[in-house]
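Please model the complete structure; the sequences and the hints are all you need to start from.
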Amino acid sequence: DAGVTQSPTHLIKTRGQQVTLRCSPKSGHDTVSWYQQALGQGPQFIFQYYEEEERQRGNFPDRFSGHQFPNYSSELNVNALLLGDSALYLCASSLAGGAGELFFGEGSRLTVL
Amino acid sequence: EDQVTQSPEALRLQEGESSSLNCSYTVSGLRGLFWYRQDPGKGPEFLFTLYSAGEEKEKERLKATLTKKESFLHITAPKPEDSATYLCAVQAVRGSTLGRLYFGRGTQLTVWP
Chain A
153 DAGVTQSPTH LIKTRGQQVT LRCSPKSGHD TVSWYQQALG QGPQFIFQYY
203 EEEERQRGNF PDRFSGHQFP NYSSELNVNA LLLGDSALYL CASSLAGGAG
253 ELFFGEGSRL TVL
Chain B
6 EDQVTQSPEA LRLQEGESSS LNCSYTVSGL RGLFWYRQDP GKGPEFLFTL
56 YSAGEEKEKE RLKATLTKKE SFLHITAPKP EDSATYLCAV QAVRGSTLGR
106 LYFGRGTQLT VWP
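Just so you know, the sequences run in chain order A and B.
So the mapping is simple: the numbering used here equals the position in the first sequence, first residue as 1, plus 152.
So the mapping is simple: the numbering used here equals the position in the second sequence, first residue as 1, plus 5.
Heads up, some of the hints might be wrong.
[As the list claims (entries may be wrong)] Keeping only pairs whose Cα atoms sit at most 16 Å apart, straight-line, the calculated EDC-like set for lysine to aspartate or glutamate is:
#: 1; chain 1: B; residue 1: K47; chain 2: A; residue 2: E258
#: 2; chain 1: B; residue 1: K62; chain 2: B; residue 2: E75
#: 3; chain 1: B; residue 1: K62; chain 2: A; residue 2: E253
#: 4; chain 1: A; residue 1: K178; chain 2: B; residue 2: E50
#: 5; chain 1: B; residue 1: K74; chain 2: B; residue 2: E61
These are calculated hints, taken from the structure and not from any lab test.
Computed from a predicted model, the values in this text were never measured in an experiment.
Below you can see the structure in the form of structure tokens.
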């Protein structure tokens, strides 16, 4: 039973560029959430997708956008990258109506130079 | 505003020396409190969910407890492989079952032989 998978695992971009991160949820899960984790901090909620729609959003600018596909996989897009966007981006999947437990992938480490 | 505070920030224990990690929270209606373990550069690994005051859960050397204001993660006779960052998160009741998690900054545990 595959868990949450994310790609790429590491990437380096320069300021002003755009990045797309990808996530496949755990088998049987239909909800995907994205979190940003800066070094030494706890994960911060970016947004959540269910039924291909953004359902909740944290305190992140519009430069952060996402998408969920019919197979429940998801993408996170970040435009006009800033140095402060350097972080570990975590995808978490869950089951709507379930116990609320989120299962995380290994993350995508983004470095912005 | 929903908030999670973990203490201490860092904890060093000798192998076999038991201790506790604290997670205090403020949330308008707790749906669940979650404990995760995170190894360096990896995604958080789910440990426990607690739903109501007085509830306790155990897994190997770890035991999590919950009161109305805080949760404790007790580590009995720790081993070096227990070294990791332990994250606490809360999920609030918002009328939806798709609740986001609010994380603390974590406690970095080091167990030395």
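Results for each hint:
1. Taken as a hint, the K47/B and E258/A pair is honoured in the structure, with Cα atoms around 5 Å apart against an allowance of 16 Å.
2. Distance restraint check for K62/B and E75/B: the Cα-Cα separation of roughly 15 Å lies within the 16 Å cut-off, and the hinted pair is therefore satisfied.
3. Between K62/B and E253/A the CA atoms are separated by roughly 15 Å; this keeps the pair inside 16 Å, and the hint holds.
4. Between the alpha carbons of K178/A and E50/B the distance comes to roughly 13 Å, so the proposed pair stays at or under 16 Å and holds.
5. Between K74/B and E61/B the CA atoms are separated by roughly 15 Å; this keeps the pair inside 16 Å, and the hint holds.
Of the hints listed earlier, there is not a single one the structure fails to meet.
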